[in-house]
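Peer 1: Fit chain B to the known structure of chain A by using the hints.
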Amino acid sequence: MKRFLALLLCVLMVVALLAACGDGTQGNVQGNVQSDAQDSGESSDQAGSTTVVIGGQSDLVTLDPGNMYEPYANMISYAAYDMLYRVQTGTMGTPEPSVATDYTVDDSGLVYTFKLRDDVVFASGNPLTAKDVVWSVNRVLNMKESNAYTLIKIVDKVEATDDYTVVFTLTEPDASFLVKLTSNAYCILDSELVKEHGGSDSGGDTAKEWLDNNSAGSGPYIIESWTPQEQLVLQKNPNYWGEAKNIDTIIFREMTSVDAQITALKNGDVDIILGLNTETAKQLEGVDGITIANGPTALMTFLVMSRDEALSPEMSNPKVQEAVRYALDYEGYLALGGEGCTVPLNFVQQGFSGGLTRDLSTDGRDLDKAKALMEEAGYADGFDITLTCASNNSEGLEWTTIAQKVQQDLAEININVKIETLETTLVYEKMRDATMPFYIMFWSPDYYDINNQTAAFLPGVGEDGTAYGNRTKWERTPDNEILWELANQVQVETDEAVRAQLSEQLQQEYAKDNPLAFILQHPKTFAFNSNVFDNVTYNDLCKIELCELNVK
Amino acid sequence: MKVLKELLMQKNIMFKVGLFIFFAWILIAILAPVLSPFDPINDQDIVRKFEAPSSEHWFGTDELGRDVFSRVLYASRVSITCGLITVLISLVVGVFFGGLAGYIGGVVDDVMMRFSEMIQSFPPLILAMVIAAALGPNISNSVLAMAIIWWPNYARLTRSIVISIKGNDYVTASRVLGATHTRILGKELLPNSVGSMVVMCTLDLGNAILMFSGLSFLGLGIQPPVPEWGAMVSEGVRNSAKWWISTFPGLAIFTVAIGANFIGDGLRDYLDPKMRRTIG
Chain A
62 MKRFLALLLC VLMVVALLAA CGDGTQGNVQ GNVQSDAQDS GESSDQAGST
112 TVVIGGQSDL VTLDPGNMYE PYANMISYAA YDMLYRVQTG TMGTPEPSVA
162 TDYTVDDSGL VYTFKLRDDV VFASGNPLTA KDVVWSVNRV LNMKESNAYT
212 LIKIVDKVEA TDDYTVVFTL TEPDASFLVK LTSNAYCILD SELVKEHGGS
262 DSGGDTAKEW LDNNSAGSGP YIIESWTPQE QLVLQKNPNY WGEAKNIDTI
312 IFREMTSVDA QITALKNGDV DIILGLNTET AKQLEGVDGI TIANGPTALM
362 TFLVMSRDEA LSPEMSNPKV QEAVRYALDY EGYLALGGEG CTVPLNFVQQ
412 GFSGGLTRDL STDGRDLDKA KALMEEAGYA DGFDITLTCA SNNSEGLEWT
462 TIAQKVQQDL AEININVKIE TLETTLVYEK MRDATMPFYI MFWSPDYYDI
512 NNQTAAFLPG VGEDGTAYGN RTKWERTPDN EILWELANQV QVETDEAVRA
562 QLSEQLQQEY AKDNPLAFIL QHPKTFAFNS NVFDNVTYND LCKIELCELN
612 VK
Chain B
18 MKVLKELLMQ KNIMFKVGLF IFFAWILIAI LAPVLSPFDP INDQDIVRKF
68 EAPSSEHWFG TDELGRDVFS RVLYASRVSI TCGLITVLIS LVVGVFFGGL
118 AGYIGGVVDD VMMRFSEMIQ SFPPLILAMV IAAALGPNIS NSVLAMAIIW
168 WPNYARLTRS IVISIKGNDY VTASRVLGAT HTRILGKELL PNSVGSMVVM
218 CTLDLGNAIL MFSGLSFLGL GIQPPVPEWG AMVSEGVRNS AKWWISTFPG
268 LAIFTVAIGA NFIGDGLRDY LDPKMRRTIG
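Just so you know, the sequences run in chain order A and B. Counting the first sequence from 1 gives a position; the working numbering is that position plus 61. Counting the second sequence from 1 gives a position; the working numbering is that position plus 17.
The shape of chain A in the complex, shown without the other chains (with noise of 0.2 Å):
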């Protein structure tokens, strides 16, 4: 009996296995496509109108635009609605004017006047005027508990002057406003409509629930229908303001397996899929008619050393940190990252005001400087080390997959590493608790701006472990006291040439003494039907931009 048991399980293992090698998503996509077929019997191209089906896994919660934060409330709130500022199309939070047409900053750097445009009519047909815009951001600076206002408190006050001018009062300077702008805590909702079902500029409101089921918006599309973990349906809006596109209905559909996305694809039940990594992307590789692209995100990966000496007096050592950095071999985490990955100097993204990248052909691996480094600091025989490693993944790739290359890479210069991989719940409670000399992480910022980007890396930052400068213990020097200096100066810099200057001078500050090696900024990978579109623009703010879709 236990023979037959154990040989029946060994067969059903192999067999399991086989498929899974062989053509890994044939199960569970039949059940998928069957359920597809129905839905699109009712929803596809009924006569004469044009329905772009997206597919794939969102975490939307809300789409309300007051209480949104999660990374894809912005691909619907650009679609759905207005802001004064919007990101422009491609680029990683560059703001551009939207129903602001321009606007004004007094020398304080506190006060910003807006002009606004005065065509701006909403999916309702009331004109969208200033008021709209005081009300819709007095609503969220009255809702203190959403995520949303944690990007709105940076404003003390706002005000309409007349029909097409607003002022906004900061409560400090700060040079990432325009960029903050853009995201969906200052959309701007049709105050007559939004008051008719509970809205309220002054506490109290009550308008969520309306707004997760219709729109309020002056955008290309309005929310017809959302069943949160089905689907979102957005309709054209009849009264746009703006250059109308040819679709009629865009309809998100939330797909939770990669391979049901991927087949779905194939079979022409989806039009775009947005579960794709760099891995998985490579099962559309040569496909007909389907195009894989990607997009720049703001998405990094890096090492973190830290300066700790309790916790392990060699790691610890500046010339070591340095000596890593020049100890990786750059070029082959590019090739794991895959295409579209790019090697950041330090913490400052590609894409943000004066981002570097780390120039390889000068500045990339060199052994025998690394070498003389850990000589300097007194390790040329080299000493052991635990990289601690989250069961994680960066857009696909592995983390043991990057501490196993990083393993050899420091094996060079006599550095001997230990793996240890953990739950990534565990590693950040850890890191946290600033416990681990030597980790892999990654960081996104919450808003597209430099300054998040320093509120995150400076030495010295971050109470109880919530930025990099106290999970690290790196100390607030008079020696590092550039790197603050330099900051501050970004932080209020509104001259954007000057601020990209200023940042850049910053990261070469910052390259010469720091406990992190940045390893990649990864691209987010995706696919779309070619012969439904051209093309299929992406940005990390709005993910795939919606109002830029346009069908051949």
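Hints are computed from structural coordinates only; laboratory data are not their basis. Mixed in with the good hints there might be a few duds.
As the list claims (entries may be wrong) - Once the Cα atoms are required to be at most 30 Å apart in a straight line, the calculated DSBU-like pairs of lysine-lysine come out as:
id, chain 1, residue 1, chain 2, residue 2
1, A, 176, A, 297
2, A, 479, B, 66
3, B, 66, A, 432
4, A, 306, A, 192
5, A, 256, A, 214
6, A, 214, A, 192
7, A, 205, A, 218
8, A, 430, B, 66
9, A, 192, A, 176
10, A, 297, A, 269
11, A, 343, B, 66
12, A, 192, A, 297
Values in this document were obtained by computation on a predicted structure and should not be read as measured data.
Peer 2: The following block gives chain B in isolation, referenced to the frame of chain A:
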């Protein structure tokens, strides 16, 4: 020697196949450094990652450009050793525990056996996962975790054998002659369980290797970069379009497990007189 000869003289072809497979794997484990064309850990070559099987890389290359063939060979060392150690620990603990419980009997027996049943009442893989995760994932902890869930089987078997023979006349005679409890247990009772234990150990060896691979598959066994079959299969699943990364370690797990099972079955047939008669 005579026993071995008799064993091999049996008609049981499965037993011989099992023996062949298993000893082939042990040879591979011992000779891994000689047989492997590449270093399983240090021969990284990112440029040549994910290459399909070729004359140079028989089983292809993995995500860091390492030779899968060499890694499969080297992984046998870890898997087989860990399987053996798990079974040995379980055997020692189980025989001691079960022998004592069966010999003393009464309330002590009840308490001891309820304790071992308590452990058995948990789903084994889940319990092993919990223990390995709680202790921190590394190779010795996962071996320990497996031993913890495995020993009750041996305890039960030993206990039942001890109970069934402790009333025999030769045991009574030994006691009358003034033998100590230790002597009775060690010289008269436990040697009678050796046959059953050998069968159980060989049968379990395959299962232990399977479970160890399972734990590694879930990221709770061995730490990278040391090659291990389960961990390699898991890497292959992440890169499901590259069939060779998981297929070959999967086949390795399959052959070792089935080999051990064949041996166990053959031994049982040989050692069990009732079975032997029916097989002829």
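Peer 1: Against this structure, judge whether each hint is valid.
Peer 2: Hint check results:
1. A/176 - A/297: Answer holds: residue 176 of chain A to residue 297 of chain A is near 27 Å, not above 30 Å.
2. A/479 - B/66: holds (23 Å)
3. B/66 - A/432: Holds. Residue 66 of chain B to residue 432 of chain A sits at ~28 Å (cutoff 30 Å).
4. A/306 - A/192: holds (29 Å)
5. A/256 - A/214: Holds, at about 22 Å.
6. A/214 - A/192: holds (19 Å)
7. A/205 - A/218: Answer holds: residue 205 of chain A to residue 218 of chain A is near 15 Å, not above 30 Å.
8. A/430 - B/66: holds (28 Å)
9. A/192 - A/176: Judged against 30 Å, a Cα distance of about 13 Å means the pair holds.
10. A/297 - A/269: holds (22 Å)
11. A/343 - B/66: holds (13 Å)
12. A/192 - A/297: holds (25 Å)
This entry satisfies every hint, going by the numbered hints stated previously.
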